[in-house]
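Number of protein chains: 2
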Amino acid sequence: MNYYPDLVERLIQKIVKLPGIGPKSAERIVNYILEENQEEIVALAENLVLLKKEIRLCRRCFNLSESEFCHICSDPERENVLCVVEEAKDLVLIEKSGFRGKYHVLGGRISPLDRVPAGQLKIPQLAERLCKEEILEVIIATNPTAEGEYTAAYLSDMLREKGIPHSRIACGIPVGAEIEYIDSTTLRKSIEGRKKL
Amino acid sequence: MNYYPDLVERLIQKIVKLPGIGPKSAERIVNYILEENQEEIVALAENLVLLKKEIRLCRRCFNLSESEFCHICSDPERENVLCVVEEAKDLVLIEKSGFRGKYHVLGGRISPLDRVPAGQLKIPQLAERLCKEEILEVIIATNPTAEGEYTAAYLSDMLREKGIPHSRIACGIPVGAEIEYIDSTTLRKSIEGRKKL
Chain A
331 MNYYPDLVER LIQKIVKLPG IGPKSAERIV NYILEENQEE IVALAENLVL
381 LKKEIRLCRR CFNLSESEFC HICSDPEREN VLCVVEEAKD LVLIEKSGFR
431 GKYHVLGGRI SPLDRVPAGQ LKIPQLAERL CKEEILEVII ATNPTAEGEY
481 TAAYLSDMLR EKGIPHSRIA CGIPVGAEIE YIDSTTLRKS IEGRKKL
Chain B
331 MNYYPDLVER LIQKIVKLPG IGPKSAERIV NYILEENQEE IVALAENLVL
381 LKKEIRLCRR CFNLSESEFC HICSDPEREN VLCVVEEAKD LVLIEKSGFR
431 GKYHVLGGRI SPLDRVPAGQ LKIPQLAERL CKEEILEVII ATNPTAEGEY
481 TAAYLSDMLR EKGIPHSRIA CGIPVGAEIE YIDSTTLRKS IEGRKKL
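Read top to bottom, the protein sequences are chains A and B. Each residue of the first sequence is one higher than the last, beginning at 331 in this note's numbering. Each residue of the second sequence is one higher than the last, beginning at 331 in this note's numbering.
Everything labelled a hint here was simulated from the structure, so no lab data went into it. Do not take every clue at face value.
Remember, identical chains collapse to one label, so a pair may be satisfied in a single copy or spanning two.
[As the list claims (entries may be wrong)] Below, a list of computed lysine-lysine pairs in the DSS-like style, where the Cα atoms sit at most 27 Å apart: (1) K492 x K526; (2) K426 x K519; (3) K382 x K426; (4) K419 x K344; (5) K347 x K462; (6) K526 x K383; (7) K426 x K525; (8) K383 x K354; (9) K462 x K354.
Quick caveat: nothing in here was measured; it's all calculated off a predicted structure.
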C-alpha cells in the first residue's frame, strides 16, 4: 500500500537504490526536494543527465574526463612516475595526498570469483603505455585486499619481465591510529616494513 | 583545487546539500551514478523534475497530492476524526500506524524564535474546516517538543472556544524500549498518563 502519492513513492524507490541511503533517508531526501525551490532541483536533474552524457574515460589513463585526455594526462609538468590504481576514486585520494606523477586506472581488480580476468581490466593498455612512454617507476597502488594483492602480484610479474622498476605502496598503521585497535596482520606488515632511523 | 572533472565536482556540491549526505557519501553516490546505466539516471532526473511540477498540497488538508484533493480526502470511508500534524511526513507515519480518520497538515509549528505565527500555518484553514465539516473529535498530533506543545496549546484554546472535543497524543515510553534509557521527563509523562488495569 502506498502512503505517498505515486510520484513521491516512485522517487523514494529510486533514491533508496543509491549507496548508503536507507528507506528513512530516502524519505527525508524526497521531503527536502519537495521543499527546495524548483530551479535548484531542475538544475540537479540537468546536472545528472549531463554527467552521464559528458563524462568519459581518458584515452590514455582511463581517469574520468570531460575531454579526450584528462587534466592530469594533459599536464606537462607531471613526473614520469606512474601510479596504478583500481578505480578513479582511488586516483583522487592519492592526488589529494600530494602525489604529482601520472596514473593508470585499471577499472577494477583481477577476481577469479567474480570472473574478472586481467584482460578485462586496462592491463593490456598499461603494457602498451609502458612501451610508448618513458616511465621511470611504476607504483602499484591497488588495495591491500586479497584481490588487490593478487592484481599487484600479476602486475609485478609483468613489470619484472619488462625490466621496469616498480614498487608497492606500504601497509602499516594509519597515522593517528592507536596500536591497541589495529589487527595483527596490519601490525605484522608494519613491523616487516619498518624504517631504519 | 578540483580533483574531479568540473561536471562531477558540481554534482558532488549539489548532492552534499541533501539532508544526511556528507562529502564522502556524495562522492560515493556520484561514482555510483557514473557506473549506473544511462536510462536509470535519466529516469531519476525526469522523476525529480516531474515531482517538483506535479506534487502540490491537497486543497482541503494540505497533504501532498497529485490532484486537487489527496487520496485521503477523496476516500469516503474515513472516520470523522481529524488528526492535526505538523508535516506531511508525520501524516504518513500515523497512517502507517493504522489510523483511518482524516488529517490536517499545519505545514510547521508556531515558533516565536523563527518568527512563525499561527497565521502563517494552515490554522485559519483548520478553523474554516471545523465550521464546514462534521468532525467528532480533533486529535492534536504535533511533536512533543517545546514548539509542538505550544502549538498544541494554541489549538486546544481555539477548539475549546469552538466547543469541539479534542485530545492530545500520549507521551510515554516507546514500545520495546527499556526504562533504564528513558529520560526523566518522558518517564514523568508516562506515569501521569498511566492507564488503570
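Evaluation of the provided hints:
Proximity of K492 to K526 under the C-alpha cut-off of 27 Å is found in neither arrangement, the shortest distances being 31 Å within a copy and 85 Å between copies. Proximity of K426 and K519 under a CA criterion of 27 Å is satisfied intra-copy only: 24 Å inside one chain copy versus 53 Å between copies. In the homo-oligomer, the alpha carbons of K382 and K426 lie at most 27 Å apart inside one protomer (24 Å), although the nearest pairing across protomers, at 37 Å, exceeds that limit. In the homo-oligomer, the alpha carbons of K419 and K344 lie at most 27 Å apart both inside one protomer (23 Å) and across protomers (18 Å), since each shortest distance falls under that limit.
Proximity of K347 and K462 under a CA criterion of 27 Å is satisfied in neither setting, with 42 Å inside one chain copy and 44 Å between copies. Proximity of K526 and K383 under a CA criterion of 27 Å is satisfied in neither setting, with 51 Å inside one chain copy and 66 Å between copies. Taking the shortest Cα distances, K426 and K525 sit within 27 Å of each other inside one copy (24 Å), while across copies they are farther apart (61 Å). Only between protomers do K383 and K354 lie at most 27 Å apart by alpha-carbon distance; the minimum there is 23 Å, versus 30 Å within a single protomer.
In this homomeric assembly, K462 and K354 never come within 27 Å of each other (Cα to Cα): the closest approach is 52 Å inside a single copy and 36 Å across copies.
Consistency note: the structure conflicts with the earlier hints numbered 1, 5, 6 and 9.
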